[in-house]
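> Given the sequences, and given the hints that come with them, work out the whole structure.
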Amino acid sequence: MAYENINFRKANMTIVGGYFYMFDDNWDELVQKLDDGSVAFSYPLNDLIGSAPTSIEHDGINFWSMQDITGGVTVKRWQIENNIVELKDTFNFTPNFDSEAFTVEHYHDTLASGITAGDDIIYLNNYTSLVASGIVLTLGPNSSNQYEEVDVNTVSGSAVVLVSGTQNSYDSGNGVNFYNHLWIFNSDGAGALHKINAYTGANITTYNSADYDDITACTFARVKGPQSSYVNTLLYEKDTNIIFLNVNTMALYGTMTIDNLKANQVTQIKVYDLAVSGNNIYRLQNEATYYETDYSWGSLYNYVLSTTRRFVDTVSISAYPVILPANAVNVTEITMLVDDQYGDGIINKPVFFVDDDDVGFMTINPAYTDYFFGTGEAISYYKAGIDVRTVNIEGTATQFD
Amino acid sequence: MATENIKLIKSQQDNFTVDQGYFYTFDHDQDSLLQKTDDGNTAFSYPFDTLMANTAADVVKSAEFDGVYFWSLQNKSDRVSIKRWKIDNYVCKLQQTFDYLDSDPNNTYDSQAFSVAHYHTQLSTAVASGVGTIYFDDYWDDTTLMNFTTTSGDGLTLHLGPNSNGEEEDVEVTGTVASGVTISGTTQYAYAENDSVNFYTYLWVFNNYNGNSSATGALYKFDAYTGDYITKYAGGAYKDITAATFYNVDSFASYGSVDTLAYVKGTNTLFINVGAAGVSLPYYGSMVMENIKLDEATVIPIYDICMDDQNVYRLQDIPDGTNTTWSTYSYLLSSLDAFVTSISLAAYPAIIAANTVATTDIIAIVKDQFLQPIVGRAVNFTEDDPVGSISGGTPKNTDGDGRAATIYTSGNTAREVKITAVVEQT
Numbered sequence: 001m002a003y004e005n006i007n008f009r010k011a012n013m014t015i016v017g018g019y020f021y022m023f024d025d026n027w028d029e030l031v032q033k034l035d036d037g038s039v040a041f042s043y044p045l046n047d048l049i050g051s052a053p054t055s056i057e058h059d060g061i062n063f064w065s066m067q068d069i070t071g072g073v074t075v076k077r078w079q080i081e082n083n084i085v086e087l088k089d090t091f092n093f094t095p096n097f098d099s100e101a102f103t104v105e106h107y108h109d110t111l112a113s114g115i116t117a118g119d120d121i122i123y124l125n126n127y128t129s130l131v132a133s134g135i136v137l138t139l140g141p142n143s144s145n146q147y148e149e150v151d152v153n154t155v156s157g158s159a160v161v162l163v164s165g166t167q168n169s170y171d172s173g174n175g176v177n178f179y180n181h182l183w184i185f186n187s188d189g190a191g192a193l194h195k196i197n198a199y200t201g202a203n204i205t206t207y208n209s210a211d212y213d214d215i216t217a218c219t220f221a222r223v224k225g226p227q228s229s230y231v232n233t234l235l236y237e238k239d240t241n242i243i244f245l246n247v248n249t250m251a252l253y254g255t256m257t258i259d260n261l262k263a264n265q266v267t268q269i270k271v272y273d274l275a276v277s278g279n280n281i282y283r284l285q286n287e288a289t290y291y292e293t294d295y296s297w298g299s300l301y302n303y304v305l306s307t308t309r310r311f312v313d314t315v316s317i318s319a320y321p322v323i324l325p326a327n328a329v330n331v332t333e334i335t336m337l338v339d340d341q342y343g344d345g346i347i348n349k350p351v352f353f354v355d356d357d358d359v360g361f362m363t364i365n366p367a368y369t370d371y372f373f374g375t376g377e378a379i380s381y382y383k384a385g386i387d388v389r390t391v392n393i394e395g396t397a398t399q400f401d
Numbered sequence: 001m002a003t004e005n006i007k008l009i010k011s012q013q014d015n016f017t018v019d020q021g022y023f024y025t026f027d028h029d030q031d032s033l034l035q036k037t038d039d040g041n042t043a044f045s046y047p048f049d050t051l052m053a054n055t056a057a058d059v060v061k062s063a064e065f066d067g068v069y070f071w072s073l074q075n076k077s078d079r080v081s082i083k084r085w086k087i088d089n090y091v092c093k094l095q096q097t098f099d100y101l102d103s104d105p106n107n108t109y110d111s112q113a114f115s116v117a118h119y120h121t122q123l124s125t126a127v128a129s130g131v132g133t134i135y136f137d138d139y140w141d142d143t144t145l146m147n148f149t150t151t152s153g154d155g156l157t158l159h160l161g162p163n164s165n166g167e168e169e170d171v172e173v174t175g176t177v178a179s180g181v182t183i184s185g186t187t188q189y190a191y192a193e194n195d196s197v198n199f200y201t202y203l204w205v206f207n208n209y210n211g212n213s214s215a216t217g218a219l220y221k222f223d224a225y226t227g228d229y230i231t232k233y234a235g236g237a238y239k240d241i242t243a244a245t246f247y248n249v250d251s252f253a254s255y256g257s258v259d260t261l262a263y264v265k266g267t268n269t270l271f272i273n274v275g276a277a278g279v280s281l282p283y284y285g286s287m288v289m290e291n292i293k294l295d296e297a298t299v300i301p302i303y304d305i306c307m308d309d310q311n312v313y314r315l316q317d318i319p320d321g322t323n324t325t326w327s328t329y330s331y332l333l334s335s336l337d338a339f340v341t342s343i344s345l346a347a348y349p350a351i352i353a354a355n356t357v358a359t360t361d362i363i364a365i366v367k368d369q370f371l372q373p374i375v376g377r378a379v380n381f382t383e384d385d386p387v388g389s390i391s392g393g394t395p396k397n398t399d400g401d402g403r404a405a406t407i408y409t410s411g412n413t414a415r416e417v418k419i420t421a422v423v424e425q426t
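Protein chains in written order, with my numbering: chain A, 1 to 401; chain B, 1 to 426.
For the record, the hints were derived by calculation from the structure and aren't laboratory data. A couple of the hints might just be wrong.
The list that follows gives simulated cross-link-like pairs (lysine to aspartate or glutamate, EDC-like), each with its CA atoms no further than 20 Å apart [to be verified]:
1) B:K293 / A:E4
2) B:K293 / A:D36
3) B:K7 / B:D29
4) A:K195 / A:E100
5) A:K383 / A:D344
6) A:K224 / B:D361
7) B:K293 / A:D35
8) B:K418 / A:D35
9) B:K61 / B:D110
10) B:K293 / A:D239
11) A:K262 / B:E416
12) B:K76 / B:D102
13) B:K418 / A:D47
14) B:K232 / A:D358
15) A:K224 / A:D344
16) B:K232 / A:D68
17) B:K418 / A:D120
Some but not every residue of chain A turned toward chain B, in silico, with C-beta under 7 Å [to be verified]:
18) W27
19) V247
20) I317
Since we're looking at a predicted model, the values are computed, not measured. Ideal Cβ positions, reconstructed from N, Cα and C, are used throughout, including at glycine.
This is the structure we're talking about:
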């Protein structure tokens with residue numbers, strides 16, 4: 001077997017700090033694995049999980065799992081404490097829930113100013129507008145590697161007022177993590193995406209759309225790629241695309257094509273879970289296609305990579321006109337359309353043309369893709385030869401960054 | 001692949017413990033405690049003075065040695081039975097039996113693993129016969145241990161000796177003094193400085209029921225002198241445990257040398273602080289092992305565990321990293337000494353252009369078996385592309401978090417490049 005890596009027994013995955021995590025209901029453990037499939041560590045579950053999660057997430061502090069239950073799904077929040085995984089919350093969603101994918105909206109901020117133990121007002125650098133009463137902030141680590149959870153009372157301007165003073169002192173720049181919403185894709189009916197209070201499990205809004213039907217993999221991450229700057233986005237896999245959703249506006253940051261098709265270019269490969277680390281997107285699959293060859297991993301699951309970083313993904317070449325006299329005089333315009341995985345035109349990349357006629361030739365070689373308008377077009381011209389024949393012209397776009 | 005060593009008979013010798021290089025196993029069929037050498041030979045055997053029944057349910061599932069006594073656990077159809085034994089005059093003599101019956105209306109018992117909390121020290125000064133105060137090196141200032149009282153109201157029993165004449169005795173602690181304890185009555189024999197002082201306190205039994213509920217397991221604490229129930233700690237982490245022992249471990253820098261209840265859950269051994277107060281018991285740490293089959297996904301069962309010096313012996317019938325099943329049980333080794341155990345390797349970005357120009361950051365994280373970072377160790381990076389190269393330098397030292405970083409520059413062929421990081425244990 002080839003291209004195996006993590007060799008997961010269960011179809012759920014998240015990534016933390018370069019390690020791959022999986023909930024195993026047979027072992028009743030959270031298993032921490034390496035890229036080569038070996039076990040780096042494992043954490044027993046102090047509450048038996050019962051069945052394999054269909055999706056898991058990590059919000060920077062907590063692990064989250066979703067499992068099927070009768071008539072719906074259950075979402076659980078877990079924390080590693082003292083080498084054991086402790087169950088913190090359980091939310092059941094029934095009836096009329098049929099889901100394989102969920103995520104938790106979470107943010108990673110830093111303190112704008114230092115605080116002393118006992119302070120009950122803190123200031124954040126970036127996400128104060130998303131903080132509200134009832135949210136729990138996890139502060140730390142500080143220089144003594146201490147963490148603590150604090151409850152938000154109110155937000156007044158840029159000041160976040162806590163229910164009670166902090167236990168420890170923290171420096172400016174120390175971490176602040178929090179989560180606010182669960183997002184659950186529901187395939188019951190024609191498809192829906194539920195926005196749920198992650199502290200109470202109460203449904204806030206349901207967005208009905210076929211776009212949210214039959215979703216099997218999603219996650220929430222801060223990425224750069226679909227936009228020119230970093231965005232916090234709910235990304236989910238739909239058919240052969242990963243879609244980047246702005247959860248504040250429900251508009252899309254972008255859509256990215258992925259290579260989850262078998263070698264026949266027809267049969268779609270199921271993606272069971274998604275995780276993001278840096279600019280890498282890890283897709284959990286039990287089969288994959290590498291260089292036009294299909295591979296199946298049987299009962300085991302491995303990751304297949306995509307990247308948020310823009311790169312040359314597709315090229316399309318055309319000639320206008322496509323028929324011209326073989327008189328060594330006439331020319332045809334050759335247009336090479338070079339797109340990245342988001343379907344956007346690649347900017348200012350060289351395209352090298354090759355033709356197979358003994359006399360005919362390309363007049364501009366290489367030609368560069370459009371610099372100003374993002375069309376991805378590189379234009380050159382072919383001057384006809386003297387033999388009547390079909391001429392093959394190939395264009396190669398090269399990414400130098 | 002590891003080879004068979006002690007070769008314990010399945011369904012007959014499903015237990016073992018170790019003492020001074022010898023492995024001991026209770027054999028209910030032979031009605032003997034067998035002393036085995038590393039190569040599987042029987043060095044000696046000690047017949048039981050009290051026979052065990054000879055059914056499949058009578059097999060001893062777990063054995064422990066506390067420095068003086070051997071202990072056995074049997075998981076019978078209607079009870080869990082724990083017995084204390086002592087080798088005396090070439091015979092393994094039954095000292096005490098504690099039966100935990102399923103007919104108990106408040107508890108259902110189903111256990112494969114237990115241990116006895118036991119402690120070892122030496123006399124700090126010689127002891128004459130007929131004295132009422134003895135002094136020893138460790139534990140005299142541990143008031144929790146020295147004030148241990150059985151459910152019958154008796155004080156802690158110290159086992160003194162053997163002395164140079166092979167004499168030994170039990171004395172009961174009545175109070176503490178600086179560097180020692182007072183005892184009930186006086187010593188019968190004289191002992192030299194550094195002669196052994198051993199004692200035990202509680203039995204710790206991993207039960208697959210919490211009371212009568214099988215929703216989670218529970219760790220039961222019993223008085224090891226009376227067998228009486230003290231308390232229990234519920235938790236899924238205590239369910240389906242098949243191997244446990246009690247040992248003094250110095251693998252956790254922040255704790256120093258600690259007496260800990262160690263048990264196996266999945267691929268890890270967890271070390272419980274049984275001396276802590278509270279509704280749950282904290283852990284000193286956890287240690288990953290290699291009891292995974294060839295598929296890197298299936299856990300190999302561990303039937304018993306024991307420790308000697310820095311060695312951890314795991315009783316298995318499948319060697320680590322294989323699918324081979326032995327016809328007998330043998331031990332596999334782990335170590336309590338920290339060593340390089342895992343290297344996490346990642347590339348950011350993991351997809352780059354094959355143009356001989358594009359680069360990616362390669363990050364290796366090196367941890368030991370306790371998931372603690374390996375600091376200041378050289379990591380050698382290699383790659384398998386004919387044109388691509390490790391351009392960021394190699395070797396690179398790990399930092400305080402166990403991280404070592406370099407850079408890979410791409411080749412000119414679209415392919416999966418394999419980058420390998422190697423750390424030498426020095």
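> Within 20 Å, alpha carbon to alpha carbon, are B:K232 and A:D358?
88 Å, violated
> Holds or violated: B:K418 and A:D120, Cα atoms, limit 20 Å.
51 Å, violated
> Taking only the CA atoms, is the gap from B:K61 to B:D110 under or equal to 20 Å?
11 Å, holds
> Could you grab the alpha-carbon distance between A:K383 and A:D344 and see if it respects the 20 Å cut-off?
Violated - the C-alpha atoms of A:D344 and A:K383 are around 30 Å apart, more than 20 Å.
> Does A:I317 hold up as a contact with chain B if the rule is Cβ-Cβ below 7 Å?
Violated, because the Cβ-Cβ distance from A:I317 to chain B comes to roughly 19 Å (cut-off 7 Å).
> Checking one constraint from the list: CA of B:K418 to CA of A:D35, max 20 Å. Satisfied?
11 Å, holds
> Sort out whether B:D361 lies within 20 Å of A:K224, counting only the CA atoms.
17 Å, holds
> Would you check the hint for B:K293 and A:E4, treating anything up to 20 Å between C-alpha atoms as holding?
16 Å, holds
> For a C-alpha distance cap of 20 Å, please report whether B:K418 and A:D47 respect it.
Between B:K418 and A:D47 the Cα gap is close to 39 Å, so the pair fails against 20 Å, i.e. violated.
> How about A:W27: closest beta carbon in chain B under 7 Å, or not?
A:W27 check passes; min Cβ-Cβ to chain B is 4 Å, inside 7 Å.
> Taking only the CA atoms, is the gap from B:K76 to B:D102 under or equal to 20 Å?
Holds, because 10 Å separates the two Cα atoms, which is no more than 20 Å.
> Does B:E416 sit within 20 Å of A:K262, going by the straight-line distance between their CA atoms?
18 Å, holds
Comparing the model with each earlier hint shows violations of hints 5, 10, 13, 14, 16, 17, 19, 20; every other hint is respected.
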